[in-house]
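Top to bottom, those sequences are chains A and B. If you read the first sequence in this note's numbering, its first letter stands for residue 1, the second for the next number, and so on. If you read the second sequence in this note's numbering, its first letter stands for residue 652, the second for the next number, and so on.
It is possible that part of the hints are untrue.
To be verified - Cut-off 30 Å, straight-line C-alpha distance, at most; resulting in silico cross-link-like pairs (DSSO-like, lysine-lysine):
| # | chain 1 | residue 1 | chain 2 | residue 2 |
| --- | --- | --- | --- | --- |
| 1 | A | 590 | B | 873 |
| 2 | B | 1186 | A | 535 |
| 3 | A | 535 | B | 873 |
| 4 | B | 873 | B | 829 |
| 5 | A | 18 | A | 590 |
| 6 | A | 18 | A | 535 |
| 7 | B | 873 | A | 230 |
Unchecked claim - Partial list, derived from the structure: chain A residues whose beta carbon lies under 8 Å from chain B:
| # | residue |
| --- | --- |
| 8 | 340 |
| 9 | 513 |
| 10 | 514 |
| 11 | 534 |
It is worth saying that the hints were derived from the structure and are not from the lab. Built from N, CA and C at the ideal position, the CB exists for glycine as well.
There are 2 protein chains.
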Amino acid sequence: MRHPVVVEFASTAYARIKPVAVTAVELRGDFWGRRFDINRKETLPTQWDHLESTNRLNNFRRVFGEYDGPYEGLFFNDSDLYKWLEAASWLIARGPDAELEKRIDEGITLIERAQEEDGYIDTYFTVDRPNEKWTNLRDLHEMYVGGHLIQAAVAHHRATGNGRLLNVATRFADMLCKRFGPESDGKVEAVDGHEEIEMALIELARETGHSRYLELARFFIKARGHGLLKGGRFGDAYFQDDVPFDRMESLAGHAVRALYMCSGVTDLYLETGEEGLLPRLETLWDRLTASRMYITGGVGSRYDGESIGVDYELPNAQAYTETCAAIASMMWCHRMLAATGDARYVDLFEWTLYNGMLPGWSLDGREYYYVNPLENDGTHRRRPWYYCSCCPPNVARTIASLPGYVYGTDAESLYVHLYFDSDARIEVAGKTVGITQRTQYPWEGTVDFTIDTDGDLALKLRIPGWANGQAALSSREARDGTVKAAGVSLSVNGGSVDATPDSNGYVTIHRTWKTGDTVRLQLPMDVRVWQSHPKVPDNRGRIAFSRGPVLYCVEQADMQGVDLDELFVDPAQISAHWEPSLLDGVVALKGTAQRRAIDSAWTGELYRPFGQQREPAAGEASPLQLVAIPYFAWHNRESGPMKVWMNYREA
Amino acid sequence: MRHPVVVEFASTAYARIKPVAVTAVELRGDFWGRRFDINRKETLPTQWDHLESTNRLNNFRRVFGEYDGPYEGLFFNDSDLYKWLEAASWLIARGPDAELEKRIDEGITLIERAQEEDGYIDTYFTVDRPNEKWTNLRDLHEMYVGGHLIQAAVAHHRATGNGRLLNVATRFADMLCKRFGPESDGKVEAVDGHEEIEMALIELARETGHSRYLELARFFIKARGHGLLKGGRFGDAYFQDDVPFDRMESLAGHAVRALYMCSGVTDLYLETGEEGLLPRLETLWDRLTASRMYITGGVGSRYDGESIGVDYELPNAQAYTETCAAIASMMWCHRMLAATGDARYVDLFEWTLYNGMLPGWSLDGREYYYVNPLENDGTHRRRPWYYCSCCPPNVARTIASLPGYVYGTDAESLYVHLYFDSDARIEVAGKTVGITQRTQYPWEGTVDFTIDTDGDLALKLRIPGWANGQAALSSREARDGTVKAAGVSLSVNGGSVDATPDSNGYVTIHRTWKTGDTVRLQLPMDVRVWQSHPKVPDNRGRIAFSRGPVLYCVEQADMQGVDLDELFVDPAQISAHWEPSLLDGVVALKGTAQRRAIDSAWTGELYRPFGQQREPAAGEASPLQLVAIPYFAWHNRESGPMKVWMNYREA
């Protein structure tokens, strides 16, 4: 039976929560239902056109002589086709789509024909650089590209049962197994400069049942951190090759690499239960969320090396926060949830989905951000494609697989991780449970469930951290002991029940259900006002707003004629308003603010004697209305400055 | 007659102030006299050893078969020897030094033997890549390296009258002249990816009298900005190749490149008086100083591309502010002073000398910073040498040539640009003027001059911008009309005279001097407290201190047990104290401050609900003594955090 789950944890004793197939859930409604359709109708077709027009597909064709131009683009461009195929696979898992299947078939055929006899596949090398294969693992990404091939193949096999692409992937992986491993086995001790192969191999082991892939992934994870890569200009830390994982104190270096590494290590833990891995993962997660993560959930404070900064280094305008890093963080969260059963990882998954990844994707589904600043002068625009275009197909595969993240199961329970307007039929404890969610979430906090099953079942509903009066991002330590449910209410068939979550953040309704039973969850949708740790220099004297899981920003389009540097908002006077015609329909925040003019005489100098400029007296400040929009929707109108963190002035 | 000036403006009508030979001035005293000696006794010898031990010299020897190892290091490593030779040349200009002359001779011999028949010289190419010469001007720096060869050769010729190295340089330059230029002349239209050759060629034209070098420099300047380099991953702006100079609105891209470009363009103006160049240079200088320059005088806000940021992008901890960029800015200032006669350019030269370049050089003369942050956690340490070691020999040549920057002349005047304890004999209007300065500057503001000449002479003394109640860095517009001399006093032979400077920032004493006449200048050495333009996010709520031309910082070594993020200084209570045993003798600032503790419960989270944390009440703040040290002297003791911009709290 096909069971197309995003990541397959079902076979291991170390996964506390099992995944649900992407096909088990149908997204509906104006928020996710619409976006899911946009991904299928706009994102995937236009991306295919880019793959074609930028010669990414021709790079394959030239391997077998059907294209005679030069290799074009970056050396890891093959991976864009692989991610696209993964996205498309999750979609055709849902049912026939002739157009999409035709393209998938075309893509797989290209790949099959471009694979060499011994299993090697990388179009950058095969034609022009056959003698340079495996000569520069640090920089040239052969295993990173191969990892995406494997992930696509696993997705395609899970989605269709068809083994064509999986066959390509196993031939490639078998070649890796022959070549790389312990020197004592006569193999080459090496690691790839960009993590990705680790989690891919573990998924391949799950899909095929062959433990050699898991063993190789384990080898790569253990071999890293010993300077094998000889770091070069960015240094070993860029590649997470400066310290072995079991002694790593904090995540640093290239953000996507670091987070893909953590995803792979979590997969290794889930398969082996190896002692020490999980506490180390938790430590790294704590440090990351407590000192190196943007309030968007984004990771990566530096353009230099696309890297994570030191503690509290979180500049807004120069934030890097690559869309792929947000996705990588979500991938890691999904695995940590399985390993721990703790909803804090869903909190971050959800927060990053809305505020870290979604900003990278335009409302029309055709343009993307690679870099996601929290403040901008209006010059940073989404683009339809990039020379280094890792992010767009990463968005596509994430949205296409999103139904697989909504629910989870264990031996006796159905977990509701995410509140999405949706219909689902899920296998729990050997029987199929029908469950629908009707909700305007993330705009409204009411979620109405209908249970379409009879019998005993523990329904576990996640109480989001933000609903708990907690920070969206917080370490385990900061969260422990503060779990409560202020403002949360819960009823079953109209009768109120206790909404207090357990220490994992879920409230359990364990009962014998009858078809048609209803559950209503009400989450408080107050506007939350955030301040930042005083050690973050850029955020001093500033606040940010959220409501539900959605972070807000102020954008020039709503604040005509005001320099946003001169805007001081009043944190006490913010209210939420549904605006159906704004940005395809959003809840906007409105409030009071003041324009407090920067001394207009302060021009021509950066530095002045202290005390020469006074802050404007109250009489000089002019009141105005504040309108804030969801951060994910910024820059879908005319160009203009934007800020997440706003100056405040207490009224 | 030898006339070893740093840059030769004497032959052009467009230089308002002429230079003085480096040999005309003898630096004395504990500040510059001592540093000048350290440069000779510590810096140059240890740098020579690094040139040898890192195979930079062997890269030359292998060209003619006296070394058989591989080429080692970066492709532009030849330039480190050239800069070292320039430094050494300025020193031997002062008199015999057998050890230094032996090394200079050895260096020149290496270079002579490594030059090819046709004048080409670049050891990265000659042996291993003969077919790749001139194939990648964007990235491989052949003309940048050649420019440093030319500068060294000009310095050596000026210093010694010996033409050996100049002969190498002219052969190289003649080859450039044959190869590069307008297509209509049958030449290759190209520019180098790293500016430097432009000012070098103009100096070569001055030294040899051959206008073809000036013409080629002019060609390179005009050819830039039209995308000839095809920018690549950093984009055209990195190379200043996105906009032609005559339409450039602001400096951007790689900081050293941009400032070397401006130096070359100023040289072009000085030689040709070409219309439009000077106003454009002034516009760029205004924009740079008014919105893109650190209070240290440093330039370069981004590690990414070692580049200048957008307006007001001036992060402290992540400041790049390469030592070479400070030096490049000083080189540009020196040329702008010649072009305009305006002391504002000396103001910035001096400020950058003390606060932009000097921090890059350890007190013992043996270690260097490449990057100069304004705030650090204690991990950023000077190093004896770098893989990319452009900065250390750049410091060496600047210090060695420093005597040449102290004075200037015009037809009837002697300009005193810089206040350095020194003895000098200077040619003005056909006669030799002896002049001594006795001063403890920069620690004290009193400068006593003795004039050792008879006859008519206008003595022009610069009144520093900082003494004028002006910002150290300011645009021409911000400065115009505000020139005054509050706190400055001036006397001749004990009798007070008017100290009001002219609109160029100089006060003139025009009289018939008698040998033994004395002049006393007294500059106000109050502690200045600076605030930053409110659009600089990192500096809000912070102040910085200076005294005279010296910027201060607070360093953990003086503030044991206090988290510098918790330090709030009182701007009204700062006083200056000479500390002879601190950091080889400095004036330290002392004052009152408070420790205002960051909520010790604020751990484990970056973001908290607004209003949950209160600022500490007055009773919670603990008073302590502030000790601030000159920023240039930081990190010459144990490792520890440092800040230039400190939190303040009005008393």
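Exercise. Should the hint that residue 340 of chain A touches chain B count as held when the rule is a Cβ pair under 8 Å?
Worked result: violated (17 Å)
Exercise. Measuring from the C-beta of residue 534 of chain A to each C-beta in chain B, is the shortest one below 8 Å?
Worked result: holds (5 Å)
Exercise. Quick one, are residue 873 of chain B and residue 829 of chain B close enough, alpha carbons at most 30 Å?
Worked result: Distance ~18 Å between residue 873 of chain B and residue 829 of chain B Cα, so the pair holds.
For this session: Verify the proposed pairing of residue 590 of chain A with residue 873 of chain B, using a straight-line Cα cut of 30 Å.
Result: violated (53 Å)
Exercise. Going by Cβ atoms only, is residue 514 of chain A closer than 8 Å to chain B?
Worked result: violated (41 Å)
Problem set entry | Satisfaction of hint between residue 590 of chain A and residue 18 of chain A, Cα-Cα up to 30 Å | violated (41 Å)
For this session: Could you check if residue 513 of chain A really has its C-beta closer than 8 Å to a C-beta on chain B?
Result: For residue 513 of chain A, the interface hint is violated, since the closest Cβ of chain B sits about 37 Å away, which is over 8 Å.
Exercise. Is the hinted pair residue 535 of chain A and residue 873 of chain B satisfied, with a Cα-Cα distance of at most 30 Å?
Worked result: violated (47 Å)
Problem set entry | Holds or violated: residue 873 of chain B to residue 230 of chain A, with C-alpha atoms at most 30 Å apart | With a Cα-Cα distance of about 42 Å, the restraint between residue 873 of chain B and residue 230 of chain A is violated, given a limit of 30 Å.
Exercise. Straight-line Cα separation of residue 18 of chain A and residue 535 of chain A no greater than 30 Å?
Worked result: It is violated: about 39 Å lies between the C-alpha atoms, which goes past 30 Å.
For this session: Measure nothing beyond the straight line between the CA atoms of residue 1186 of chain B and residue 535 of chain A; if it is 30 Å or shorter, mark the hint as holding.
Result: holds (19 Å)
In summary, the structure is inconsistent with hints 1, 3, 5, 6, 7, 8, 9, 10 from the numbered list given earlier, while agreeing with the others.
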